[in-house]
Amino acid sequence: MLPFRFAEEEGVFWLLDQRRLPQEEVYVPVRTAREMAQAIRDMVVRGAPAIGVSAAFGMVLAHLAGEDLEEADRRLRASRPTAVNLFHALDRMRPFWGDLAGSLLEARRIWREVEETEAAISRHGAQVLWGQVLTHCNTGPLATGGYGTALGAIVEAYRLGRVRHVWVDETRPYLQGARLTAYELQKAGVPATLITDGMAGWLMARGAVDAVVVGVDRMALNGDFANKVGTYALAVLAHHHGIPFYAALPLSSVDPRLASGEGIPIEERSPEEVVAFRGVRIAPEGFPAYHPAFDVTPHRYLTGIITEKGVLYPPFAEGLRRALGLD
1230 MLPFRFAEEE
1240 GVFWLLDQRR
1250 LPQEEVYVPV
1260 RTAREMAQAI
1270 RDMVVRGAPA
1280 IGVSAAFGMV
1290 LAHLAGEDLE
1300 EADRRLRASR
1310 PTAVNLFHAL
1320 DRMRPFWGDL
1330 AGSLLEARRI
1340 WREVEETEAA
1350 ISRHGAQVLW
1360 GQVLTHCNTG
1370 PLATGGYGTA
1380 LGAIVEAYRL
1390 GRVRHVWVDE
1400 TRPYLQGARL
1410 TAYELQKAGV
1420 PATLITDGMA
1430 GWLMARGAVD
1440 AVVVGVDRMA
1450 LNGDFANKVG
1460 TYALAVLAHH
1470 HGIPFYAALP
1480 LSSVDPRLAS
1490 GEGIPIEERS
1500 PEEVVAFRGV
1510 RIAPEGFPAY
1520 HPAFDVTPHR
1530 YLTGIITEKG
1540 VLYPPFAEGL
1550 RRALGLD
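All letters in the sequence shown, in the order written, are residues 1230 to 1556 by our numbering.
Simulated from the structure, these hints should not be mistaken for laboratory data.
Backbone N, C-alpha and C fix where the C-beta goes; we use that ideal spot for every residue, glycine too.
Where hints are given, some of them may not hold.
Said to hold, decoys possible - Simulated restraints on C-beta separations:
id, residue 1, residue 2, range
1, A1294, L1555, 30 to 40 Å
2, E1237, R1306, 21 to 31 Å
3, R1435, Y1519, 26 to 36 Å
4, P1420, E1299, 44 to 54 Å
5, R1510, R1323, 22 to 32 Å
6, M1230, P1420, 11 to 21 Å
7, R1306, W1243, 31 to 41 Å
8, G1427, R1303, 38 to 48 Å
9, R1323, M1230, 26 to 36 Å
10, L1334, V1465, 43 to 53 Å
11, L1334, R1551, 42 to 52 Å
12, G1436, V1465, 15 to 25 Å
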């Protein structure tokens, strides 16, 4: 199931409201760039590649709705600061400002490239995963609009008989693992078990995890990367227990302007998402909370980086520069 579809004749981009999954499969209409920016900010659509595609079509909607294109671009760029795919897509759309046909063609091209790229990531990633695999957050089609990155590799490895079982981190506080990854794996027929984030270390200590693979929202040129908060802890645990730890991403998620992860902006979301869930309060009234949506994992904890051009191994800076054609 894809997270969106575009009805060109209606001038509407339909988004699957991921906040309502898995209980309801409801598509909501988006008709303007302003509405798209709000939908991205509110996590109706989420996942770095899916955000990039959605932002590209947001600029198409801006043309259709007669919005000021500079303002539309600014709103979309401000919607989620960490996922570099958002900015990459909007940079590609800029040359087509004022050209509706060209804008639509480029947005469709971005979406098609996501599908092709993630098919390759899934093939390469499947070759390095085996046994029981643990993953964090959501990196399947719902997060990308294609095959998925880390989850695409897991599903392909299961199809090949290499992976037999998946441990799914609940992914607090927004529960993307519980609500979305579990939903996608169930639909794909892949054996999986949901765990709370705090259980991962104990599973590793018991020898129940053979590999960890996660997605990426933004990676620096040295291999440091930002992903959903909780990833850093998993990387440290995997390193301590001698378990291979992989990151799966399209090369468009690499920010060539950043030498290290120190420059990656970390989005801080509302504390309300920590103290309450779907309107039900789980902490005392007035109790403070802190909610960084992402953390940064140093490249020294990475075994390999799974990309559409293959799996990269240390030294990552050299491999990433070659893969990006920067040498």
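#### Entry: Which numbered hints fail
The structure conflicts with hints 5, 7 and 11, although it agrees with all the remaining ones.
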